[in-house]
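*Asks:* Relying on the hints, combine the two individually framed chains into one complex.
So the protein lines, in turn, are chains U and D. 167 is the number that the working numbering gives to position 167 of the first sequence; each next residue is one higher, with no gaps. 215 is the number that the working numbering gives to position 215 of the second sequence; each next residue is one higher, with no gaps.
Hints may contain errors.
[As the list claims (entries may be wrong)] Label pairs and their computed distance ranges (CB to CB): (1) D/A110 <-> U/V63: 37 to 47 angstroms; (2) U/S163 <-> D/P80: 22 to 32 angstroms; (3) D/V185 <-> U/F75: 36 to 46 angstroms; (4) U/E46 <-> D/E132: 45 to 55 angstroms; (5) D/V185 <-> U/L244: 19 to 29 angstroms; (6) D/T78 <-> U/P178: 44 to 54 angstroms; (7) D/L126 <-> U/S3: 17 to 27 angstroms; (8) D/D191 <-> U/S3: 31 to 41 angstroms; (9) U/R123 <-> D/S182: 25 to 35 angstroms; (10) U/V303 <-> D/S69: 53 to 63 angstroms; (11) U/Q59 <-> D/D191: 43 to 53 angstroms.
By construction, these hints were calculated from the structure, which means they are not laboratory data. Each residue gets a CB set at the ideal place from its N, CA and C atoms; glycine is no exception.
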Amino acid sequence: MLSFTLRRVALFVGGLFVTTIVVFVVLRVLPGDVAQVIGGIKATPEQIEQIRSEYGLDQPLVVQYVAWLGGLLRFDLGTSLITHTPIGAEIAEKLSVTLPLCVAGIAVALVIGVPLGVYGALRHRTTAGRVVAYVAQAAAAVPVLWTGLILILLLGRGVGAVSLLPTQGFPKDGWADPAAALASIALPALTIGIVEGAVVLRYMRSAVLNEMNLDYIRTAMSRGLTRTGAVLRHGVPNASISVLSVVGLQTASLVGGAVVIEELFALPGLGAKLVSDVGNRDLLSVQGIMVVLTGLVLAIGLVVDLAHRVIDPRQRRVEA
Amino acid sequence: MAAEWTAAELAEIDISPGRRASWRLPGWLVRTARRPHGVFGLVVVAAVLIAAAVSLVWTPHPLLAADSSHTWAPPSWTHPLGTDQIGRDTASWLLAGARTTVLVAAGATAIAALVGLALGTLTASLRPRFAEPLVVLVDILVAFPVLLIAMLLATPFGGSIGVVVVAVGIGYGVNLARVVRSEIVRVNASDYILAARAAGTGLLRRLWLHVLPNVVPVLVVQLSLTAGVAILAESGLTFLGYGAAPAEPSWGRVLADAQKYIGVAPLSVVWPGVAIGVTVLALNLLGDAVAEALDPRLRSQEARDGA
Chain U
1 MLSFTLRRVA LFVGGLFVTT IVVFVVLRVL PGDVAQVIGG IKATPEQIEQ IRSEYGLDQP
61 LVVQYVAWLG GLLRFDLGTS LITHTPIGAE IAEKLSVTLP LCVAGIAVAL VIGVPLGVYG
121 ALRHRTTAGR VVAYVAQAAA AVPVLWTGLI LILLLGRGVG AVSLLPTQGF PKDGWADPAA
181 ALASIALPAL TIGIVEGAVV LRYMRSAVLN EMNLDYIRTA MSRGLTRTGA VLRHGVPNAS
241 ISVLSVVGLQ TASLVGGAVV IEELFALPGL GAKLVSDVGN RDLLSVQGIM VVLTGLVLAI
301 GLVVDLAHRV IDPRQRRVEA
Chain D
1 MAAEWTAAEL AEIDISPGRR ASWRLPGWLV RTARRPHGVF GLVVVAAVLI AAAVSLVWTP
61 HPLLAADSSH TWAPPSWTHP LGTDQIGRDT ASWLLAGART TVLVAAGATA IAALVGLALG
121 TLTASLRPRF AEPLVVLVDI LVAFPVLLIA MLLATPFGGS IGVVVVAVGI GYGVNLARVV
181 RSEIVRVNAS DYILAARAAG TGLLRRLWLH VLPNVVPVLV VQLSLTAGVA ILAESGLTFL
241 GYGAAPAEPS WGRVLADAQK YIGVAPLSVV WPGVAIGVTV LALNLLGDAV AEALDPRLRS
301 QEARDGA
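The shape of chain D in the complex, shown without the other chains (with noise of 0.2 angstroms):
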């Protein structure tokens, strides 16, 4: 019976839940929640955040305070993770350091979910003959290098935290136009969205209450990347002279403090390093872990993989 099928007739069938999908608490978070690199993510980003938080009111030494009789004091009780070249507290800086990836992630995330919802709506509802141009531009804008656009940005403006933030959020919010645009595409082809345009619900309204939420997981998926993304570009931009202020705490600044004097005090380049990469590492994962408790596909390759 199958076999009688052309590739054009199977290509029709909505294969997609016809469930209407709504805003209370969804399964896909329960099931990220269940699985373990889902877990390593979310404890590590609950403790980032909860660095940030404490050191705006504790830090183990003030972060100004610099003991120029301990420069470069290796790791004690007094400094667990030593001093830096003017004897400031390297763990206090890394603890303040958390604020600054916190203001960066969530800055170009908002932007980014911003540009990308906006952007991929209106590509996706707009008519072909005024969507088919963004969606050029879209694809043009998607070859520019996030670096570069914070680099032309800072031309004018100077380097700064927002630099960052704007650069990673525009950069991954055309990113994320485009995935969103096509999975509106994708929903407006089932069956529900049908039966909500004859019933005659508005644009507006459909999108709000049928399709957007379809978007949301795919929307967290792809921001958990931006994220980390922006955490990078934070560390690479400060240390070129464009992202954090000499005096601003942030792992990017303890980065390329630290690499000016790699030959003195190798050490002290590891810290902020890892700080960043288990960060980002836990935003990835969490990131894989919540496509995967959308995807029965990949659920249930994983329980065969065994991975």
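Looking at chain U on its own, in the form it has when it is part of the complex (with noise of 0.2 angstroms):
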């Protein structure tokens, strides 16, 4: 156990580090000149070259690199180019609308995906176990945009079918107002909910149903148990755990979900930044929530495949 988590935690941080190079020499690769962005049209070459002095654009690549590593090393992030904030600091502000949205949406998809994953199971058979295995493919086929503008029009306030939940913004004072807040994230979390929560559904039902048809079914069965008994008090337990590993892996797209649903609600979260970032060619501030939204799918597998260790005695037997 111990050797596996040091080589679990190493490749954490090897991923990290690969990260930061990856993301380093991409935005480099063509430099569109950021002084020019800085300086704006009007900039005259001695003012951009000011810029670039200014800024370490001058300097070669791998100082450049170091630089930037030796200050994330510090947690220090860095000053945008453009807005000349701490980016370390924008960051966390952002990720109080985001990091809710996506727990949140996480909760959704586990209510709607966990339970139904195993009606379908139990019931597959069935033409109600039959449609929800469909509901949840065609589900999964959407563009999660999609889904959610099906949501404004239905619960929407003012443009719904009924008029329920804002779809707009997020309130100035942020969580000051818990019950406002709440409301602001709710379609946009319902709406990363269903999306993975198909996805969390598809896995669970195929899980459960593989677990039905072992021997230890048969056996509890044959002890007096009912097979849905059976299957909910043995069964279920043991396809949770291949689950967790699958909601693991899909946190890589419930992360690029979170952008496209921040940017259709107008959340102030970190992926509605990333995307003007870009726009505005804020070199350091990319790398940086990159490296952040990077880290955090990176820590999430972690996380999951250690706690898979410690759940399943069956993981560790094969290592011994």
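*Replies:* Given below as structure tokens:
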């Protein structure tokens, strides 16, 4: 277990390191003059030269990279080239919208996906069970943007069939008024939850279907449990373990979905900031956000893998 | 008898089919075309291809024919799906959008196949000393969200359909590399590869004649999923402003334009979503059908379930 943990943590650290290199190199491939962007179209060549040296853009790439990496190690992401504000603080502020959104989205996904997946497996021969499976297939096939739009048309305040939830923006004073803040991330979280929930549902269903055919379910039934009882008591916990890794792998698509969703619902989150910074070519800020987001995905992968080990004794035996 | 075997001994037994695979029309393809969702998948994919081809020579209305007196026209005989904010025919735009969809799906799967096959074969065939770092690198790259790859590329290069294609191709190519690698390792462990080695067949010839034909079916399953992801990524990235250009017909473009006017013309949001959804669903079902046609275990399970 210890050697596994060490190796897994090393992979996490290595992953972060590779991420910093890839992000840095790709953003510098075509210099696309940042200094010109900062100076504006009216800047004279001298002014641009000055901006370049001021921000260290005239240094060799390796020097720039090492300086940036050194800052990262001290949790200093640098200062935005465009807005001149510290990037780290801004990312932290934006995360106060994005993290609750993602957590709520995952919660909705599990609440939808797990019970319906089990139901779909237990009733896989009935019409209802099949409808569940087909609906999940369809929900996983439409763009997340479209799911959001349909939800707005159904529940959005002002435009929806039922005028219920706000569709644009986030309270200016953030979480000071929790009810208002929650209301404004309700529809976005529901959107993410439905899209990711469909994936969870499909995996849960097929995992439970797999478990249902195993001998221990028959054994449990021979001791007097009903098929449903045996599956719920013994099959579902076993199936949940494999679904756990799926949830871990899904975080990458979750992050991508969150960017689109924040833009659609005009939420001032990290994804929306990334979109505008990419547009402004605010290289340092884009770098910082990319590393933070990828770091999040890598960290969740790490936690899921370690949890998997702790929960599932079969995994450990393979090691020994 | 079997009860006396240890788990290690059982693991040694090679139960994979020992026959030599060939490049002729394979049974799994035939079986795919015999299942209902396989047929659905093939028919929809064919329809999208035909729509894309037809739109090159004919659309119901010229794409740029803006009829400013008929903005947001409801569905009618002249405009079956209505018109958009400047009176252009939605049906024509969706038909022409199929071109971009085909381009994105084909381009992304081609790159993914290339990346996946190259990395997968390398990591499975190189000596462990050289292969290990590559395997770790692949494991790391898999965690990179496709959308972030696309935005990363869009920062220096600007957004375009090409960025979408490359981002999805690379992002899913590394996923594919893992699948290809494990499949090659599995095949390499079988007796007929040992026989081929004993007969003096070189590495490249072995890969081409014996290993790759076995990998192709698995590849097809993954590539049909990749094509679906590429189509979804196009709509997301175009909405964010990094995909199709404003006058470029694509389903993501139509959806992104309609989104801005959702309060005015809710129905216009529905059509592009349905086009994308049906196509992606067809690709996913096609992938499922191929997987089932390949895996005897799934086939028998399905026979029991009757699904």
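*Asks:* The structure should be examined with respect to each hint, and the outcome stated for every one.
*Replies:* A quick look at each hint next to the structure:
1. About 39 angstroms separates the C-beta atoms of D/A110 and U/V63, a value consistent with the hinted range of 37 to 47 angstroms.
2. Restraint check, U/S163 to D/P80: a C-beta distance of roughly 31 angstroms satisfies the suggested window 22 to 32 angstroms.
3. Evaluation of the 36 to 46 angstroms hint for D/V185 and U/F75 yields a pass: the beta carbon distance comes to about 41 angstroms.
4. The given range of 45 to 55 angstroms is respected by U/E46 and D/E132, whose C-beta atoms sit roughly 52 angstroms from each other.
5. Checked against the hint of 19 to 29 angstroms, the C-beta distance between D/V185 and U/L244 comes to roughly 25 angstroms, which is consistent with it.
6. Under the hint 44 to 54 angstroms, the C-beta atoms of D/T78 and U/P178, about 52 angstroms apart, fit the expected range.
7. About 24 angstroms separates the C-beta atoms of D/L126 and U/S3, a value consistent with the hinted range of 17 to 27 angstroms.
8. About 33 angstroms separates the C-beta atoms of D/D191 and U/S3, a value consistent with the hinted range of 31 to 41 angstroms.
9. The hinted range of 25 to 35 angstroms is satisfied by U/R123 and D/S182, whose Cβ atoms lie roughly 33 angstroms apart.
10. A C-beta distance of roughly 59 angstroms is found between U/V303 and D/S69, which places it inside the suggested range of 53 to 63 angstroms.
11. Evaluation of the 43 to 53 angstroms hint for U/Q59 and D/D191 yields a failure: the beta carbon distance comes to about 59 angstroms.
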